[in-house]
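Chains as they are written, first to last, in the working numbering: chain A, 1 to 293; chain B, 1 to 64; chain C, 1 to 258.
FYI, nobody ran anything at the bench for these hints, they're computed from the structure. Possibly wrong hints are sitting among the right ones.
To be verified - Below, simulated DSS-like cross-link-like pairs (lysine-lysine); rule was C-alpha separation at most 25 angstroms, straight line:
{"no.": "1", "chain 1": "A", "residue 1": "68", "chain 2": "A", "residue 2": "100"}
{"no.": "2", "chain 1": "C", "residue 1": "229", "chain 2": "C", "residue 2": "155"}
{"no.": "3", "chain 1": "C", "residue 1": "20", "chain 2": "A", "residue 2": "123"}
{"no.": "4", "chain 1": "A", "residue 1": "100", "chain 2": "A", "residue 2": "122"}
{"no.": "5", "chain 1": "A", "residue 1": "144", "chain 2": "A", "residue 2": "105"}
{"no.": "6", "chain 1": "A", "residue 1": "104", "chain 2": "A", "residue 2": "68"}
{"no.": "7", "chain 1": "A", "residue 1": "57", "chain 2": "C", "residue 2": "250"}
{"no.": "8", "chain 1": "A", "residue 1": "289", "chain 2": "A", "residue 2": "215"}
{"no.": "9", "chain 1": "B", "residue 1": "38", "chain 2": "A", "residue 2": "122"}
{"no.": "10", "chain 1": "A", "residue 1": "123", "chain 2": "B", "residue 2": "62"}
{"no.": "11", "chain 1": "A", "residue 1": "132", "chain 2": "A", "residue 2": "144"}
{"no.": "12", "chain 1": "C", "residue 1": "20", "chain 2": "B", "residue 2": "62"}
{"no.": "13", "chain 1": "A", "residue 1": "105", "chain 2": "A", "residue 2": "132"}
{"no.": "14", "chain 1": "C", "residue 1": "20", "chain 2": "A", "residue 2": "122"}
{"no.": "15", "chain 1": "A", "residue 1": "215", "chain 2": "A", "residue 2": "233"}
{"no.": "16", "chain 1": "C", "residue 1": "252", "chain 2": "A", "residue 2": "68"}
{"no.": "17", "chain 1": "A", "residue 1": "123", "chain 2": "A", "residue 2": "146"}
{"no.": "18", "chain 1": "A", "residue 1": "104", "chain 2": "A", "residue 2": "146"}
{"no.": "19", "chain 1": "B", "residue 1": "62", "chain 2": "A", "residue 2": "122"}
{"no.": "20", "chain 1": "A", "residue 1": "122", "chain 2": "A", "residue 2": "146"}
{"no.": "21", "chain 1": "A", "residue 1": "57", "chain 2": "C", "residue 2": "252"}
{"no.": "22", "chain 1": "A", "residue 1": "132", "chain 2": "B", "residue 2": "62"}
{"no.": "23", "chain 1": "A", "residue 1": "68", "chain 2": "A", "residue 2": "57"}
{"no.": "24", "chain 1": "A", "residue 1": "275", "chain 2": "A", "residue 2": "233"}
{"no.": "25", "chain 1": "C", "residue 1": "179", "chain 2": "B", "residue 2": "62"}
{"no.": "26", "chain 1": "A", "residue 1": "104", "chain 2": "A", "residue 2": "122"}
{"no.": "27", "chain 1": "A", "residue 1": "170", "chain 2": "A", "residue 2": "144"}
{"no.": "28", "chain 1": "A", "residue 1": "101", "chain 2": "A", "residue 2": "146"}
{"no.": "29", "chain 1": "A", "residue 1": "68", "chain 2": "A", "residue 2": "170"}
{"no.": "30", "chain 1": "A", "residue 1": "68", "chain 2": "A", "residue 2": "144"}
{"no.": "31", "chain 1": "C", "residue 1": "252", "chain 2": "B", "residue 2": "62"}
{"no.": "32", "chain 1": "C", "residue 1": "250", "chain 2": "A", "residue 2": "68"}
{"no.": "33", "chain 1": "A", "residue 1": "146", "chain 2": "A", "residue 2": "57"}
{"no.": "34", "chain 1": "B", "residue 1": "38", "chain 2": "A", "residue 2": "123"}
{"no.": "35", "chain 1": "B", "residue 1": "38", "chain 2": "C", "residue 2": "250"}
What the hints assert, rightly or not - Over 10 angstroms on every C-beta distance to chain B, these chain A residues come out as not near it, computed from the model:
{"no.": "36", "residue": "126"}
{"no.": "37", "residue": "275"}
{"no.": "38", "residue": "285"}
Built from N, CA and C at the ideal position, the CB exists for glycine as well.
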Amino acid sequence: MIHVEQLTKTFGAQTVVNDVNFTLEPHTATALIGPNGAGKTTTLSMLTGLLSPTSGKIIMPGVTDIRKEIGFLPQYPQFYPWLTALEFTEMAAVLSGLPKKQAKKEAQRVLEFVGLAEAMHKKTATFSGGMKQRLGMAQAIVHKPKLLLLDEPVSALDPVGRREIMELLKQLQEQTTILYSTHILNDAEEMTDQVLFLRGGQLVEQGNLREVHAKYAEPRYLIEFVEQAHAQKFASAWPTAEWKNHIVRLPITEGQPTMTQLLRTLANSPYTVVKVEQEAASLEEIFMKVVER
Amino acid sequence: MLDSINWALIAPLLIVQFILAIVALVDLARIHATNGPKWVWVIVILLLNTIGPIIYFIFGRKTT
Amino acid sequence: MNQFTILLRKEFLEAWRSFKFLWMPLLFIILGITDPLMNYYLNDILSSVGNMPEGTVIQLPDLQPADILMASTGQFQLIGLAVFAVSVAGMMSRERQNGTVTLLYVRPLSYTALFLSKFIMALFLGCLSAVAGYGASMYYTALLYGSVNAIDFMKMLGTYCLWLLFVTAVCLMFSAMLKTGAAIAISVILFPVGLLLDTMIGQFWHVSPHKLGNYGVMLLTEASPYYGKTLALTCLLALIAIIIGIVFAKRKSITTAI
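Generate the whole structure from the sequences, applying the supplied hints.
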């Protein structure tokens, strides 16, 4: 369990993180979401101990040296090019307090876990971006930290690499607490218990993913027509409808209209319909709404 | 006058300079990236005796 | 202790794999060979390049082995030391600037272990180079000019290594404090340039670390009465530099690239 209380960081006259409060429950994943410059990296840096907060506290009950209990993956991890992946991970493990023998064993284990079994004896200079990200992950988890901090863990990766890293994270969620920053919200939606929306250094929305969804869901119908003209005509009959090409979006306000009503109306119309479905705002839309508010 | 020079004395110096240049070239061939184009460093190493390889080792190698 | 050992291993792997242990001693060997050879052939060189009238005999001073070793020391102190200082002055700052040390800083890292691992590696490299350089110089000097007392030679070599200990400590301290460019600039001004200044205007004082190298060579002939004091001062200043360096290694950890 980690409590962050009134965390604030100022650089000169600029307040980069402003009175941020949140709690991370064990074995949960929390997504820190916000546009560039919102203070995500600064928040994570304070949690790692690399930066000390101007004011506020980070509390991990029962832990004296927070650095022993965290694993950190920066957005662009840099490695010593002349060390092999195994040598580096082993060093990371020893520096985190593991005895030497165990360090090597654990290093091998995590490198296999992240999919670098074949490459662990190669120098990191030869590694691709995806491999570096995996190695970054390995060094962050080699000492089994209680809190895993990841700064934009998948942003720089291609879709395949992104998928693989997300799968790894899902497995890790069972063993540790995860806090990660991201702006790729599809991924966040998949593996998040809690969301924190950061804007201009302040938390503008936070909570359980389901609650946030419910709050901003704005349910609506999506109706797709064969003819664009039909869509336009149909939309003009509903003052709240939004029309775009073949698609009309019709907001549902207090349950109105019901699906039955809508289908009946469509059945009585001369328009040919491809599909009708009910949809809710994606995290991306919620994010845009919250951040631009 | 040059015939009087004892080549047994000079040879080790030349050999050491040669080894230095070879080591620099081997490193250049293996390294992933240099500051500036690699071919420039080849010229520097080959043309500037002793100084060339040393300049390469200090300023040529990229560390990330 | 575990931290120190693993960091030391990292430093040695780096130096080994980037050929540092090869090229720096080779440079010192070349510098060490140059003076005995040059002086030996000076007459030939002068008469083959100079436009001397036929039959001119240049009276060159009769050089003793110690004079040659002094000349080699001059080479080490100028070119060798510049190269060494530049390479040490980047050791800590460069890792902060390129962000490689960030993944070490986020752990419960001992800054003493971090600093000392780099210090020991650099000192080893410096001493290895000095031994190679003086060895080469001594070999040629013995061949061409005659030998010196072996014990005195070892004392001289040891003294030079202590001077390098001071240089390493100070350069690494600046590397812990400043950015690479500034650390290199100060190190070069302080050592190779500082030595030039000390030779030019240094007759006004007798005790300064910069004189240690020359006092070391003087052990071969007539030891300076200020040798002991200079040695003690140099070691003391080195110790202070190490302590300041460790403090700054910690203080500057927040400037690492994330």
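Consistency of the hints with the structure:
A hinted pair counts as satisfied when its Cα atoms are at most 25 angstroms apart, and residue 68/A with residue 100/A qualifies at roughly 16 angstroms. Proximity of residue 229/C to residue 155/C is assessed by CA-CA distance (about 16 angstroms); at most 25 angstroms being required, the pair is judged to hold. Of the pairs offered as hints, the one joining residue 20/C and residue 123/A holds, with about 18 angstroms between alpha carbons and a cut-off of 25 angstroms not exceeded. At roughly 21 angstroms between alpha-carbon atoms, residue 100/A and residue 122/A fall within 25 angstroms of each other, so this suggested pair holds.
For the hint pairing residue 144/A with residue 105/A, the CA-to-CA distance comes to about 13 angstroms; that is within 25 angstroms, so the pair holds. Restraint check for residue 104/A and residue 68/A: satisfied, since their Cα atoms lie roughly 18 angstroms apart, inside the 25 angstroms limit. Proximity of residue 57/A to residue 250/C is assessed by CA-CA distance (about 21 angstroms); at most 25 angstroms being required, the pair is judged to hold. Between the alpha carbons of residue 289/A and residue 215/A the distance comes to roughly 12 angstroms, so the proposed pair stays at or under 25 angstroms and holds.
With a CA separation close to 23 angstroms, the supplied pair residue 38/B and residue 122/A stays within the 25 angstroms bound. For the hint linking residue 123/A to residue 62/B, the alpha-carbon distance of about 15 angstroms falls within 25 angstroms, and the restraint holds. A hinted pair counts as satisfied when its Cα atoms are at most 25 angstroms apart, and residue 132/A with residue 144/A qualifies at roughly 19 angstroms. A C-alpha spacing of about 14 angstroms is found between residue 20/C and residue 62/B, which places the hinted pair at or below 25 angstroms, so the restraint holds.
For the hint linking residue 105/A to residue 132/A, the alpha-carbon distance of about 20 angstroms falls within 25 angstroms, and the restraint holds. Only pairs whose Cα atoms come within 25 angstroms are accepted, and residue 20/C paired with residue 122/A is accepted, the gap being roughly 21 angstroms. Of the pairs offered as hints, the one joining residue 215/A and residue 233/A is violated, with about 31 angstroms between alpha carbons and a cut-off of 25 angstroms exceeded. Simply put, residue 252/C and residue 68/A have alpha-carbon atoms about 20 angstroms apart, close enough for the 25 angstroms limit, and the pair holds.
A C-alpha spacing of about 29 angstroms is found between residue 123/A and residue 146/A, which places the hinted pair above 25 angstroms, so the restraint is violated. Restraint check: the Cα-Cα separation between residue 104/A and residue 146/A comes to about 20 angstroms, which is no more than 25 angstroms; the hinted pair holds. Taken as a hint, the residue 62/B and residue 122/A pair is honoured in the structure, with Cα atoms around 18 angstroms apart against an allowance of 25 angstroms. About 29 angstroms separates the Cα atoms of residue 122/A and residue 146/A, which puts this hinted pair outside 25 angstroms; it is violated.
Between residue 57/A and residue 252/C the alpha-carbon distance is near 22 angstroms, which keeps this suggested pair within the 25 angstroms criterion. Restraint check for residue 132/A and residue 62/B: the C-alpha separation of about 17 angstroms stays at or below 25 angstroms, so the hint holds. Restraint check for residue 68/A and residue 57/A: the C-alpha separation of about 17 angstroms stays at or below 25 angstroms, so the hint holds. Distance check on the hinted pair: residue 275/A and residue 233/A sit about 17 angstroms apart at the alpha-carbon level, within 25 angstroms; holds.
Distance hint between residue 179/C and residue 62/B is fulfilled; the C-alpha atoms sit about 17 angstroms from each other, no more than 25 angstroms. Under the criterion of a C-alpha separation no larger than 25 angstroms, the hint pairing residue 104/A with residue 122/A is consistent with the structure, at around 16 angstroms. The suggested pairing of residue 170/A with residue 144/A holds, with an alpha-carbon distance near 15 angstroms, which does not exceed 25 angstroms. Restraint check for residue 101/A and residue 146/A: satisfied, since their Cα atoms lie roughly 22 angstroms apart, inside the 25 angstroms limit.
In summary, the hint linking residue 68/A to residue 170/A is supported, as the alpha carbons are separated by about 23 angstroms, within the 25 angstroms threshold. With a C-alpha separation of about 10 angstroms, the suggested pair residue 68/A and residue 144/A falls inside the 25 angstroms cut-off, and the hint holds. Distance hint between residue 252/C and residue 62/B is fulfilled; the C-alpha atoms sit about 23 angstroms from each other, no more than 25 angstroms. Only pairs whose Cα atoms come within 25 angstroms are accepted, and residue 250/C paired with residue 68/A is accepted, the gap being roughly 17 angstroms.
The hinted pair formed by residue 146/A and residue 57/A meets the criterion: a straight-line CA distance of about 18 angstroms does not exceed 25 angstroms. A C-alpha spacing of about 20 angstroms is found between residue 38/B and residue 123/A, which places the hinted pair at or below 25 angstroms, so the restraint holds. Distance restraint check for residue 38/B and residue 250/C: the Cα-Cα separation of roughly 37 angstroms exceeds the 25 angstroms cut-off, and the hinted pair is therefore not satisfied. Once the 10 angstroms rule is applied to beta carbons, residue 126/A is inconsistent with being away from chain B; the minimum gap is 7 angstroms.
The non-interface label for residue 275/A is consistent with chain B: the shortest C-beta to C-beta separation is roughly 51 angstroms, beyond 10 angstroms. Listed as outside the interface, residue 285/A is consistent with that label: its C-beta sits roughly 39 angstroms from the nearest C-beta of chain B, beyond the 10 angstroms cut-off.
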